[in-house]
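S.K.: If you're matching them up, the sequences are chains Z, S and R in order.
Per my numbering, residue 1 is the first one in the first sequence, and the count goes up by one each step.
Per my numbering, residue 1 is the first one in the second sequence, and the count goes up by one each step.
Per my numbering, residue 1 is the first one in the third sequence, and the count goes up by one each step.
Treat the hints as calculated values from the structure; they're not laboratory data.
Watch out, some of these pointers could steer you wrong.
What the hints assert, rightly or not - Which stretches of chain S does chain Z cover? Using the computed rule of at least three CB atoms under 8 Å from a CB of chain Z, they are:
id : region
1  : 26-37
2  : 49-60
Claimed, not checked - With a Cα cut of at most 27 Å, we get these calculated DSS-like pairs of lysine-lysine:
id : chain 1 : residue 1 : chain 2 : residue 2
3  : Z       : LYS66     : Z       : LYS165
4  : Z       : LYS14     : R       : LYS128
5  : Z       : LYS66     : S       : LYS61
6  : Z       : LYS66     : Z       : LYS171
7  : S       : LYS61     : Z       : LYS35
What the hints assert, rightly or not - Now the in silico label distances, taken between C-beta atoms and shown as ranges:
id : chain 1 : residue 1 : chain 2 : residue 2 : range
8  : R       : GLY84     : Z       : PRO30     : 42 to 48 Å
9  : R       : LEU208    : S       : HIS58     : 22 to 28 Å
10 : R       : THR30     : Z       : PRO271    : 54 to 60 Å
11 : Z       : SER236    : R       : ILE74     : 34 to 40 Å
12 : R       : ASP49     : Z       : THR12     : 49 to 55 Å
13 : R       : ASP49     : Z       : TYR214    : 51 to 57 Å
Predicted, not measured: the structure shown is a model, and the values here were computed from it.
From the three backbone atoms N, C-alpha and C, an ideal C-beta is built for every residue, glycine too.
Here's the letter readout for the chains.
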Amino acid sequence: MSADVVAGHRRTRKFVPDRDVPDWRGRYEPYDLAKEFLVALLVVVVLVAGLAVLFGSPDDKPVTIKSWSTADAVDFATTAITELDGSSGTATYGPPYNLNGDAQSIGPIAPAKWLGVHHPIDTANDYVLGPLSTLTDDPATRAALVRYEAASPAQQASWTAAYEKAVASAKFTGGELVVPQGNYGPVGVLISSLTSMARSGALDGALLSSRQFYGTDYTKPLLFIADGQYLATLASNQHLAGEQWGMMNETGSYPGQAWLWLYTLWYQVPPANTSDNGDIQVFAFMIGLTLLLALVPFIPGLRSIPRWSRIYRLIWRNHYREIEHPSRGSDPPTSPPRSEDTAREPVPV
Amino acid sequence: MPAITLVFGTMFGSLIDLNRPGHYVHWGFIQMSYANLLVIVLMLLVFVAAILIPFKTHRDKRADR
Amino acid sequence: MTVLDPKVERPDQADLDKAADRPEDADQWTARIRHTAVEALPPQRLLPDRQPAYVASWIYVFGVATVAALLVVIATGLVLAVMGPNWWHVSSTGLFVNSLHLWSVEVFFFAMVVHLWGKFFMAAWRGKRRATWITGVVSFLVSVGAAFTGYLSQQNFDSQWISTQAKDGINSTGAGAIFNVTNFGQMLMWHIVLLPLCVIALVGVHVLMVRLRGVVPPFAADDETPDGSQGSVDGPAEVSA
């Protein structure tokens, strides 16, 4: 019983048809919920089994650093030099990986910046110099490492800039990377050696187990692979890229996540489709729309759409037929009372 | 190979191979896979059907007898 | 070890049940919780065998269909858990169970969306049912999250692409500091432990709320008012709050 009744008086407020509904005092019919549930379960099981037998499920093999560098050694080398000189996507990402880039923001709101670096990645050491230092039986690589690390930052930058320009027109022939001649210092040896390490499969292992034997965190190798073009090209071929509404899609011809249609839509239109802060803008917008959906019951106008649309007249047509045209012998539902109390089901007698 | 693997592999390998490249509808800035479009169209059809198809209550079944 | 003496009279189970409801124990927390729960949801309301006459449309089956699909998602997920995350990549039986899991998720979202549309056009939040609506929307969102972590746990090309793309959206909110989509171990545990528990709890509360409040009655008919006279679809002019 509400506190108002206990206090001996009732507050009254205006009846709003989109918010309130009188108690049901009309007819009840037998309705077997348990049977309904079991039938629904049977139907779902048969439907799901049928779909699984008909269509199966996709399982495209993952890209490894080995498969990437084997399929496209030049793309691998092009990515590796940007990791070394700190110009790759990961190297310049900013939080949560490093502080070399700006976090996305909306005005003064920059939550990634506030939370800072939580998964530190130093691309030069983590992706290039660190793994190469494990090749203890390769004197040429060890010498190149020593020379590179002993050089000044300005000298290192000069070598890497020159190599980055040249590697775009490199070729991989005879089992080695062939880069046009230039003054790259030890960088040529470093990148060639890393490419061989990648093609052998050793780099996959080195990146995963760099901190511990039992790794389940694939952040480092995944970000390295994603910095290249190879993964993105494979994805684009399968219509999975962002600008292809890829968030909704699945590999092959399988249905994907149709329920993400509204989230991915905002990435296709201004401002998010061109803005550096596109992700946080879309997220903010989606939080707003989600709150609208959750709070529909409180929003005048929005909560009136069901009544205005009159689709309810189709759903409850039997009920309205009984009220508006009661036939002889039928029990029309009695008029509901003024109270806004919760409908309570009668105790069977 | 264990028998159960053979049974499932043979009987329940997918009959229709959806691992081939999909087809996409391009409509203005909207791009959608045939599969997703089919799912959405089916949702709408099922919604309309659920509202329109008569539902026999206990009373209707009694009246039929 | 004591042996029960068949000659000694023991109290009936019914007597024991009555003894558990003594007025002098009514102040106990246990007794209060039991009284509140039983008063709110007595057995005949928890599992009613009757529904208001207006519950007569196929649209009403989509809620229970969603719950049924969720059960199949969980059951197939349990089988995948028994054999471990690598099984479905190396076994055709495992691939079939994975297919069952994937398609049950598709059926789950299909039924949930049709249920959402139905409940929207019935304005099912009316009559103190706003919390039912809100728990439904939150269940939808958490389910999307559960499905998302499932896609991330596939350990194949799809999960590689999804994780390296989704990281940008999630990192932009700051959540990437904790919720690392490229961390397979973490995403798998969110998918098989944390998010299923949240979905089950939310769906449970949602269904209990439907039982508590009953299925929402129709809008008043065009010429109906509560006292039977000609009037408007708006119902009574005033209502007790």
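S.K.: Does each hint hold? Answer for all of them.
M.R.: The hints, checked one at a time:
1. Note: the region 26-37 of chain S has 8 residues with beta-carbon separation from chain Z under 8 Å; the three-residue rule is met and the coverage holds.
2. With a threshold of 8 Å between beta carbons, the proposed coverage of the region 49-60 of chain S by chain Z holds, since 5 of its residues qualify and at least three are required.
3. Of the supplied pair hints, the one linking LYS66 (chain Z) and LYS165 (chain Z) holds, its CA atoms being roughly 24 Å apart against a limit of 27 Å.
4. A hinted pair counts as satisfied when its Cα atoms are at most 27 Å apart, and LYS14 (chain Z) with LYS128 (chain R) qualifies at roughly 15 Å.
5. Annotation: proposed proximity of LYS66 (chain Z) to LYS61 (chain S) is violated, straight-line Cα distance about 67 Å (limit 27 Å).
6. The straight-line distance between the Cα atoms of LYS66 (chain Z) and LYS171 (chain Z) is roughly 17 Å, inside the 27 Å bound, and the hint therefore holds.
7. Among the hinted pairs, LYS61 (chain S) with LYS35 (chain Z) is consistent with the structure: their alpha-carbon atoms are about 16 Å apart, no more than 27 Å.
8. The hint said 42 to 48 Å for the Cβ distance between GLY84 (chain R) and PRO30 (chain Z), and at roughly 47 Å that hint holds.
9. At roughly 25 Å, the beta-carbon separation of LEU208 (chain R) and HIS58 (chain S) lies within the given 22 to 28 Å, and the hint holds.
10. Look at THR30 (chain R) against PRO271 (chain Z): about 58 Å separates their beta carbons, and that is inside 54 to 60 Å.
11. Separation of SER236 (chain Z) from ILE74 (chain R) is about 35 Å and conforms to the stated range, judged on CB atoms against 34 to 40 Å.
12. As the Cβ distance of ASP49 (chain R) to THR12 (chain Z) is approximately 36 Å, the hint placing it in 49 to 55 Å is violated.
13. The supplied range of 51 to 57 Å is met by ASP49 (chain R) and TYR214 (chain Z), whose beta-carbon atoms lie about 54 Å from each other.
In summary, the numbered hints that this structure violates are 5, 12.
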